[in-house]
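Chain A is fixed; fit chain B onto it per the hints.
Heads up: the protein sequence lines correspond to chains A and B, in order. The opening position of the first sequence corresponds to residue 1 in this note's numbering, with each subsequent residue numbered one higher. The opening position of the second sequence corresponds to residue 1 in this note's numbering, with each subsequent residue numbered one higher.
It should be emphasised that the hints constitute simulated quantities derived from the structure, not laboratory data. One or more of the hints may lead you astray.
List time: in silico EDC-like cross-link candidates among lysine to aspartate or glutamate, alpha-carbon distance up to 20 Å [claimed, not checked]:
hint, chain 1, residue 1, chain 2, residue 2
1, A, 16, B, 111
2, B, 212, B, 16
3, A, 97, B, 135
4, A, 24, B, 135
5, B, 13, B, 209
6, B, 182, B, 121
7, A, 261, B, 85
8, A, 97, B, 85
9, B, 180, B, 155
10, B, 180, B, 233
11, B, 180, B, 196
12, A, 261, A, 6
13, B, 182, B, 196
14, A, 261, B, 21
15, B, 246, B, 233
16, A, 261, B, 16
17, B, 132, B, 121
18, B, 212, B, 21
19, B, 180, B, 31
20, A, 97, B, 161
21, B, 246, B, 220
22, B, 180, B, 118
23, A, 206, A, 230
24, B, 212, B, 290
Chain A stretches covered by chain B per the calculated footprint, using a threshold of three residues with CB under 8 Å from any CB of chain B [claimed, not checked]:
hint, stretch
25, 20 to 26
26, 91 to 102
27, 173 to 181
28, 193 to 202
Estimated spans, in silico, between C-beta atoms of each pair [claimed, not checked]:
hint, chain 1, residue 1, chain 2, residue 2, range
29, B, 16, A, 95, 43 to 53 Å
30, B, 294, A, 95, 29 to 39 Å
31, B, 164, A, 31, 37 to 47 Å
32, A, 258, B, 221, 35 to 45 Å
Beta carbons are placed, not taken as given, at the ideal position from N, Cα and C, and that holds for glycine.
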Amino acid sequence: MIQLDDISWRFVKVWKRNLVTFQKIWKVNFITPLLEPLLFIAAFGLGFAGLVGAVRYAGAEFSYTAFIAPALIATAVMNNAFFETTYASFVRMYYQKTFDGMLATPLSIEEIIIAEIVWSATKAAAAAGIMLGVLSAFGYVQYPSGLLVVPLALLGGAAFGAIGLFFTGVIPTIEMFNLPIFLFVTPMFLFSGTFFPVSNLPTWAKPLALAFPLYHLVELARLACLGRCETVPWLSVVYLVVFAALFSALALLCMRRRLIK
Amino acid sequence: MQPIIEVQHLFKKYQDVTAVDGVSFTVGRGEFFGLLGPNGAGKTTTIRMLYAFSPPTRGVIRIFGMDIARDWRRIKARIGVCQQDNTLDPDLTVEQNLIVFAGYFSIPSKEAKARAWELLEFFALSGRRGAKVMDLSGGMIRRLILARSLINRPELLILDEPTTGLDPQSRHQVWDRLEKLKASGLSVVLTTHYMEEASRLCDRLVIVDHGKLLVEGSPEELILKHAGRSVIEIGGPDQALRDYLKAHAVPHDDLGRRIILYTPDGNELSHAVRDNFCHQQCTFRTGTLEDVFLRLTGRELRE
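Okay, chain B solo, but in the shape it has when bound:
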């Protein structure tokens, strides 16, 4: 089947910075696709090129089989975009925000009203229909932006950090709705800083850094390959442990006051570590996408 998004050798250069440096990927129909990376990795730049906001310096983007440089208007009519910034209209009420936005897609006003009603219901905003946007909480604003991005019944939804700044309750509510949308067959591209979010929602993801694609795979595959099924965090490691790890060539990250071991599950090695080196503080846990992310993109601050 034809992929819904095809990106080939995509470049975006600003005066002296290369924000996106030769990225290629595809997204299949019905797939929930994640685009992860630290701040400044080129995620938002890539996403903006996907919804024809910024023109690429070089490279090809095909969505629904059409070239975005030529058929941008037809493509945009069929995608929904949830931007990182709050672009809601503070001069309008909750419902008017949806109806006016529907106008930009040339949706007749009667149809727009029906869809607005339905979407406000779906995002638990019906009670705030006539409220001013400025009176909404952060969680409600996000849900309204999501509702607005679905007003044209898109086949592809593009989400740029949809849960940044939300409290856990709101975040879980958004995840719940996104899972429902996914179950209905919607294709989604998501960028996020929350690895838990990516693990839970994404069928497949890529991690980018410095404008380049580092890895690609399902969350499970990536965890197995780059972190391991189980992880041991050892606080206050001593020289004996370091020597042992070196001698047995165990994959680990030495953070000075803490060592993180990546081991296959039920390995003898982990037993040996447990019995001999857990003097102070030892945490046994499963490997996570966060481990993968930090191992691949490093632990230094980016900003």
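Looking at chain A on its own, in the form it has when it is part of the complex:
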């Protein structure tokens, strides 16, 4: 069903279209990643860290705020990519009929889908880059390994962008995105080792966290920023690559069925 020979570098044109619209409101687009980590650091650093004190994680001790800082970046990657290919892509597909217009040009549906996923990853990486700068100012990031956060954000962004676009391909109305957000995004946000180490979870719950792509992204971000992680890093990378590839293929199949009549 997926025609590999219909994929060419033309997808960059669609990616560029999204970049042009992004640039129009770049100030608004940059405010969130700039202020969001400040809000979290303020809330958890001032309010919560007093209760928790130090966190024992992967054989070392970290201040609570230093512990959650990499997870904040990973979470922002998830939110940026997932919301881009769900709500934003759905609006382009259903309300603005942007993809219908593109399909009257030499673009293939494969190229449009790939461009949407790559774009969501780009947007996520841009947000991650900004947050990295803010968190570095607090001294929460080791360098040079901290720079790995940006390519990791691209990988993680592709994974979350792909599954988001898969939901866009199957969901009947835009209101129903509440469902994958409640069942998929929120549990991941809470249980992916973001606010407490997964090693603190009871044994039966650990495999669940292991299945979450956000868990692997959080761990890899911690490795980059703090130099420690609980998972086997290359396995986490492989997991994210496979997740991104699998859901890109599913997104393509579902979007094709939805768009081509």
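Chain B only, in chain A's frame:
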């Protein structure tokens, strides 16, 4: 000369509906070709297959001599499509809409800018270059969609109801531009619900219904053959008229409170009708494509 479009035994089936049921036609280079039919007749489905949006269930489409199933990308690079829906990008300005779209055809940005300038001029949109699409009137939106469909300098233009919902001024402006494009040698396929539009623009047309092709010809030929040069509409017909028409086997449509007669011009018959049966209301007019359309596809509502 090789036709620009060849369609052979085209079928499109959805689960339990046959939207296009064995249609064949050709369009010559430089021809303005019309595809008419009531709602749900299969026009848009056919057109979507022509620009490789939907794959046919069965049948062959050749454009510029190439098979659309295989060479879709090369074909699409050389055609312009004006879809029925507004597919303009509301996030972009008028000019950006053209330039970004040019990117999809891999037109270099300098060239794209020059063409956008030229097309905005041609469609009287130069003053709105930096405007948001959402601030444009219906007529301007249509003109911008048309301008966008010409950005790749197509050899074939496909128009799916380009003037639906426009006021008469805007419609005439669009017609004027389309006539200019036609004069420049562009080949065009048009679907429309406006018979006046089809008569004015089309060199040749087909009428389809229930996915099948009913007739094919120039607007004049079709009017002569299926309606007649002159038409008399008689309001409040009486039994005497009905008997007379029956006795003389005059082609007519009896709508109850109105009878429409299709007569050759200057016929004795029309004089007889004029003298004897025009009691209330009588309109003498020339036959139109609308008469042909309604006679062939019926007067019942379709939706």
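Results of checking the hints against the structure:
This hinted pair checks out: residue 16 of chain A and residue 111 of chain B have alpha carbons roughly 17 Å apart, not beyond 20 Å. Between the alpha carbons of residue 212 of chain B and residue 16 of chain B the distance comes to roughly 16 Å, so the proposed pair stays at or under 20 Å and holds. Only pairs whose Cα atoms come within 20 Å are accepted, and residue 97 of chain A paired with residue 135 of chain B is accepted, the gap being roughly 18 Å. About 17 Å separates the Cα atoms of residue 24 of chain A and residue 135 of chain B, which keeps this hinted pair within 20 Å; it holds.
At most 20 Å may separate the alpha-carbon atoms for a hinted pair to count; residue 13 of chain B and residue 209 of chain B meet this at roughly 15 Å. Between residue 182 of chain B and residue 121 of chain B, the direct Cα distance comes to roughly 18 Å. Compliance with the 20 Å bound is thereby established for this hinted pair. Between residue 261 of chain A and residue 85 of chain B, the direct Cα distance comes to roughly 15 Å. Compliance with the 20 Å bound is thereby established for this hinted pair. About 8 Å separates the Cα atoms of residue 97 of chain A and residue 85 of chain B, which keeps this hinted pair within 20 Å; it holds.
Distance restraint check for residue 180 of chain B and residue 155 of chain B: the Cα-Cα separation of roughly 14 Å lies within the 20 Å cut-off, and the hinted pair is therefore satisfied. For a cut-off of 20 Å, the pair hint linking residue 180 of chain B to residue 233 of chain B is broken: about 36 Å separates their Cα positions. With a CA separation close to 18 Å, the supplied pair residue 180 of chain B and residue 196 of chain B stays within the 20 Å bound. As the CA atoms of residue 261 of chain A and residue 6 of chain A are separated by approximately 18 Å, the hinted pair is consistent with the 20 Å bound.
A distance of roughly 17 Å separates the Cα atoms of residue 182 of chain B and residue 196 of chain B; the hinted pair therefore holds under the 20 Å criterion. Restraint check for residue 261 of chain A and residue 21 of chain B: the C-alpha separation of about 16 Å stays at or below 20 Å, so the hint holds. Restraint check for residue 246 of chain B and residue 233 of chain B: the C-alpha separation of about 16 Å stays at or below 20 Å, so the hint holds. Among the hinted pairs, residue 261 of chain A with residue 16 of chain B is consistent with the structure: their alpha-carbon atoms are about 14 Å apart, no more than 20 Å.
Annotation: proposed proximity of residue 132 of chain B to residue 121 of chain B holds, straight-line Cα distance about 17 Å (limit 20 Å). With a C-alpha separation of about 5 Å, the suggested pairing of residue 212 of chain B with residue 21 of chain B holds against the 20 Å cut-off. Between residue 180 of chain B and residue 31 of chain B, the direct Cα distance comes to roughly 13 Å. Compliance with the 20 Å bound is thereby established for this hinted pair. For the hint linking residue 97 of chain A to residue 161 of chain B, the alpha-carbon distance of about 17 Å falls within 20 Å, and the restraint holds.
Note on residue 246 of chain B and residue 220 of chain B: the hinted pairing is violated, with a Cα-Cα distance of about 27 Å set against a maximum of 20 Å. Proposed proximity of residue 180 of chain B and residue 118 of chain B is supported: the alpha carbons are some 14 Å apart, at most 20 Å. A C-alpha spacing of about 12 Å is found between residue 206 of chain A and residue 230 of chain A, which places the hinted pair at or below 20 Å, so the restraint holds. At roughly 19 Å between alpha-carbon atoms, residue 212 of chain B and residue 290 of chain B fall within 20 Å of each other, so this suggested pair holds.
Note: the stretch 20 to 26 of chain A has 3 residues with beta-carbon separation from chain B under 8 Å; the three-residue rule is met and the coverage holds. With a threshold of 8 Å between beta carbons, the proposed coverage of the stretch 91 to 102 of chain A by chain B holds, since 6 of its residues qualify and at least three are required. For the stretch 173 to 181 of chain A, the stated coverage by chain B is not satisfied: 0 residues place a CB nearer than 8 Å to a CB of that chain, which falls below the threshold of 3. Chain B is given as covering the stretch 193 to 202 of chain A, and this is violated because 0 residues of the stretch bring a CB closer than 8 Å to a CB of that chain, at least three being needed.
The given range of 43 to 53 Å is broken by residue 16 of chain B and residue 95 of chain A, whose C-beta atoms sit roughly 29 Å from each other. Here the CB-CB span from residue 294 of chain B to residue 95 of chain A is close to 36 Å, well matched to the stated 29 to 39 Å. Between residue 164 of chain B and residue 31 of chain A the C-beta distance comes to about 42 Å, which sits within the given range of 37 to 47 Å. For residue 258 of chain A and residue 221 of chain B, the hinted distance range of 35 to 45 Å is satisfied, since their beta carbons lie about 43 Å from each other.
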